[in-house]
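Here the protein sequences line up with chains A and B, keeping their order.
Our numbering numbers the first residue of the first sequence as 12 and each following residue consecutively.
Our numbering numbers the first residue of the second sequence as 1221 and each following residue consecutively.
Please note: incorrect hints may appear among the correct ones.
What the hints assert, rightly or not - Result set (EDC-like, lysine to aspartate or glutamate): computed pairs, CA atoms no more than 20 Å apart in a straight line: (1) 76/A <-> 53/A; (2) 126/A <-> 136/A; (3) 131/A <-> 154/A; (4) 90/A <-> 1266/B; (5) 1268/B <-> 91/A; (6) 1305/B <-> 1317/B; (7) 76/A <-> 1286/B; (8) 90/A <-> 1286/B; (9) 1268/B <-> 25/A.
Note that these hints are calculated values from the structure, not bench results.
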Amino acid sequence: MILNHSLVAADAFEKHLINRKRKVAWGKKAAAFALMLTSMVDMFSMLVVFLLQTFSSSPEILITKGVSLPNSMTPSIVKEAPVLAISKDGNLYLDQVLVGETKNVARRPEKLLKKLNKIKSAWAESHAGQPFPGEINMQADRDVSSTVVSQIMGILTGGQFQSIQLAVVGNR
Amino acid sequence: MSKKIGLGKKKELNAELNLTPFIDLLSTCVCFLLVTAVWIEIGSVEIKQSHGTEAAASKKISYDLDVVFRSPTAIRLNLKRNGKKVKAVDVKSNTFEEALANLETNLTSKILSYKNKAIEVASATVTPRTGVNYGDLVSTLDVLRKNKIVNIGIISSRSR
Chain A
12 MILNHSLVAA
22 DAFEKHLINR
32 KRKVAWGKKA
42 AAFALMLTSM
52 VDMFSMLVVF
62 LLQTFSSSPE
72 ILITKGVSLP
82 NSMTPSIVKE
92 APVLAISKDG
102 NLYLDQVLVG
112 ETKNVARRPE
122 KLLKKLNKIK
132 SAWAESHAGQ
142 PFPGEINMQA
152 DRDVSSTVVS
162 QIMGILTGGQ
172 FQSIQLAVVG
182 NR
Chain B
1221 MSKKIGLGKK
1231 KELNAELNLT
1241 PFIDLLSTCV
1251 CFLLVTAVWI
1261 EIGSVEIKQS
1271 HGTEAAASKK
1281 ISYDLDVVFR
1291 SPTAIRLNLK
1301 RNGKKVKAVD
1311 VKSNTFEEAL
1321 ANLETNLTSK
1331 ILSYKNKAIE
1341 VASATVTPRT
1351 GVNYGDLVST
1361 LDVLRKNKIV
1371 NIGIISSRSR
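Chain A extracted, bound-state conformation:
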């Protein structure tokens, strides 16, 4: 007997047969899904364990565009502080905002010092009665000349930012 698959156009017996066929087919599919669930749960559990192991709650800083940080074998935890970045193309950024060309800033550091003073006074307002820690994060491209970096460090020291954290990529 050839079954009509439309329940609308079928008589009572045909409807019964169609329903029985559908139930049998659904039962087979359900068994297959149960098997896939097991492997899915396994995969999820492994993912959760891996991600929990690599989870880090230490503060993070944004890497400025155009800066490839050097690697280090002995990195410490990053502290939350303003970020000064020297990119490979010779620009200097303070908290992702362009200050100017590094060589120009090294020659005439007034603009940078003004911005640093603003940060310092904002810190003093929010931390009344506490001594200024002078912490700053410094990001520089690994190919930038070390003398350029030291020149900028000199400016930072002059602006009372004496604890400089050089941002590096952990290579443990």
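Place chain B on chain A using the hints.
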């Protein structure tokens, strides 16, 4: 828990675990952890650019180290006791990688065991030079930090 027909009042031993809430929880966990995952571990190397150290003021004998780049492959180490130079070591190589390896060897054999006695270096200053890039400078700082010299300063061009 369902009862099997024909077993009377005995309960079935096989319990079925409801997987739906379990999968829900796992998917939420996976999503949260993926979003908050840190793929590049950023660390920091601390530099203290202070003028006049507390170590110099104390009466205890303290050793300081000057690491001077003469070229990207030549480094001079000056060991100072209470501000006076007591030993100088030249590290020369063909490549920077070799120079770094030699620096580490010289540091442990000639500086940190000065006159066959283990000494502690209170602070170190690094003098950079044109031609030495920032990545190489950080690698040099790494060598110092590996040998427990953590109070490091970099001589800036403005203050020279």
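field: Structure versus earlier hints - violations, ascending order
entry: 1, 3, 6, 7, 8 and 9
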